[in-house]
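Q: One-letter residues, chain by chain:
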Amino acid sequence: MFTPQKGLDRWISKLTQHGDRPWNYLLLFISSLIILLIISICFLLWRDSALARTELGWNFLSPTLDANWNPQNGNMQAWPFIYGTLITALIAFIIAFPISIGISIFLAEISPDWLRHPLSWMIELLAAIPSVVYGIWGIFVFLPQVVTPIGNFLAGTLGKIPILQSLFIGPIPESGLSRLAAGLILAIMIIPTIAAVSRDVFLAIPKAQREASFALGATQWETIWKVLIPYGSSGILGASILGLGRALGETMAVTMVIGNSLEGSASLLRPGYSMASLIANQFQDTVSTLHSDALIEIALILFLVTLLLNLIARLLVWQTSRKFLKG
Amino acid sequence: MFKKLLNVVLVVLAGGLILSACQPVATPAPVAATQALKIEPTLAPGSVQLVAQGATFPLPVYDVWTKSYQFVDPAVNLTYAGTGSGAGKKAIVDGTVDFAGSDSVLKDEYKTVPDLQMLPTLAGAVVPIFNLQSTEKDANGNAVAITALVLDRQTLADIYQAKITKWNDPSITKLNPTLVGKLSDATITVVHRADSSGTTEIFTKALASFSADWLAKVGAGASTVEWPVDKNGNGIGGKGNPGVAVAVQNTTNSIGYVELAYAISNKIPFAKLINKAGKAVTADADSLASAMGDFANAFDDRLNATIVDGSGAGSWPISGYTYLIVRTQSMKDCVKAQKVVEYIKWTLTDTRAGKIASDLGYSLLPQAVLDKVMGKLNAITCNGAVVSK
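Residue numbers (my numbering), protein chains in the order written: chain A, 1 to 327; chain B, 1 to 389.
Hints listed in this document are in silico derivations from the structure and should not be mistaken for laboratory results. Heads up, some of the hints might be wrong.
Stated by the list, open to error - With a Cα cut of at most 30 angstroms, we get these calculated DSSO-like pairs of lysine-lysine: (1) B:376 to A:160; (2) A:160 to B:276; (3) B:332 to B:163; (4) B:90 to B:372; (5) B:332 to B:355; (6) B:332 to B:376; (7) A:160 to B:231.
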């Protein structure tokens, strides 16, 4: 093996041979750019919303659905938009999660080979459809033909039960434009994301896990339920975070189907508004500086809500993986 | 198999391109410069880049104009981006564009750039569209759509203020004697624009003029307002003209508002209005021209004018000018300045440019207004020298 000698040789090798260090520093630099980006977004949103924060104060965030959004006289409150974003993402997640897990288990464990590839391909295709296409399909086909009947049914059944009444009070608009419609469209949009990632999670589980379970006499159902799902739980949670993130931030499709109305009720069957769609609708042409600053503050809230939900999900992943390793 | 499919796709795509290219307005034949224009023949094709942005209300016309103009003056490469009036005004103040489009008037901007000039280019109308079914069924038991409706100014404001929430309200039946007994007592679904827009600004300016109560509670017109119907629970916001139109078409017993141009090109029925003079009018080129005529002397030195709620017998009450905004003294590049002036003069005086606009449902300026605009254009200077030749 060549060893550096004294003099010129040594000088050259000192100059050129640094091992992995420069490479590591380069990667560290690139990764820290991401952190810098997040901090700078947060800082900019904070700085540019200064006027709204001082003028509107905490009243901006007071949790009442009977709120105002009047840019002309500067009386603006954010709660209906926060509620709209959270409730539509929640509906979407509650519906999409079990379906996506079912799809991913079928694709990874049960499906025959000839069906697996075309089906996987279709699901990935669904994930790649632009949201505006979902929106157009939504207002012309899905809303009047599917959401309105579902809404009428829910108003007639759950809407009569005293406790659930506030969430399901009707009537749903005939066009179907409502929080429920936004939630359902979002569910359709995030199913492929969650399903495709969890399928990869299941496929990555070592074969030995399944064989050990079968060897102990477990049925396929028991293997899936008691071995594979716990084993892949952190990955599935990761997939869910991705899906939830898309649901929280989705703008175009939601704007097209949610109804964009500042109605006072909390009902899923009534038109609502979301933070992302408010920004998209009004930021291009604001009435006053206070108006644009208030919209920037809404963006800050959306950013923080997404960050907070991500943190909670991280904690959950950490908890479950620790429990799984212990048990 | 796959290759065949690809071929089919290619043929369909090519067909689509040819079809879209065949639309009459999209490709005007190359024409020589009109007499009013003196085009410098020495400039190389596409050598002058003009950038503009702003209002979306006149975008259908501006799109065709900018594309057509390269045949009038090949030296000019002009782009107009529909970014909204607010963004357009900001851009002309910042100096990032050569001219801007706006549906709303300038206010504080004059403090930063005192030589900004507003130039009315076109007038457009906003119309109330509706989806109504008669309570009487036809012989086969099917619901019959009502296609003609008359509203007055107060009624329209009251509907948008949720003071009138049923179609069979006496104030509506009184105006439509033929529909007595046919209007249902269903709640009116009131559709408005969700995105901020010049259309909303014209519409709400008109409502503020129609009803003192609207003016007091909601305020004068703006591109975004707080809709009383939303609070009442019978309001819905649609994104863009298509969003409003679809919401109305998918909801029986609903009302909404869109640009006249959009309603015409999509064959959506719209209501007649009883104007200030007490006459029932429909929105068209004549009633728009009448509205402009009512306010021909209302221009201030910046050429700002509101033309809602005119007093003429034939005037459509929900009308508005759309403007271009230029800098009259502080344009630095004199070639660009000259080309901007030439372009705006072409849009205002060329008969083909005029036909493009009127085919799309917009109205051209009456002569009295046109003279004022031309006067302002002729006074534009660059580095102290008059630009117009």
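Q: Look at each hint and say if it fits the structure.
A: Status of each hint after checking the structure:
no.	hint	result
1	B:376 to A:160	violated (66 angstroms)
2	A:160 to B:276	violated (48 angstroms)
3	B:332 to B:163	violated (54 angstroms)
4	B:90 to B:372	holds (25 angstroms)
5	B:332 to B:355	violated (33 angstroms)
6	B:332 to B:376	holds (18 angstroms)
7	A:160 to B:231	holds (23 angstroms)
Violation of the numbered hints given earlier is confined to hints 1, 2, 3, 5; the remaining hints are satisfied by the structure.
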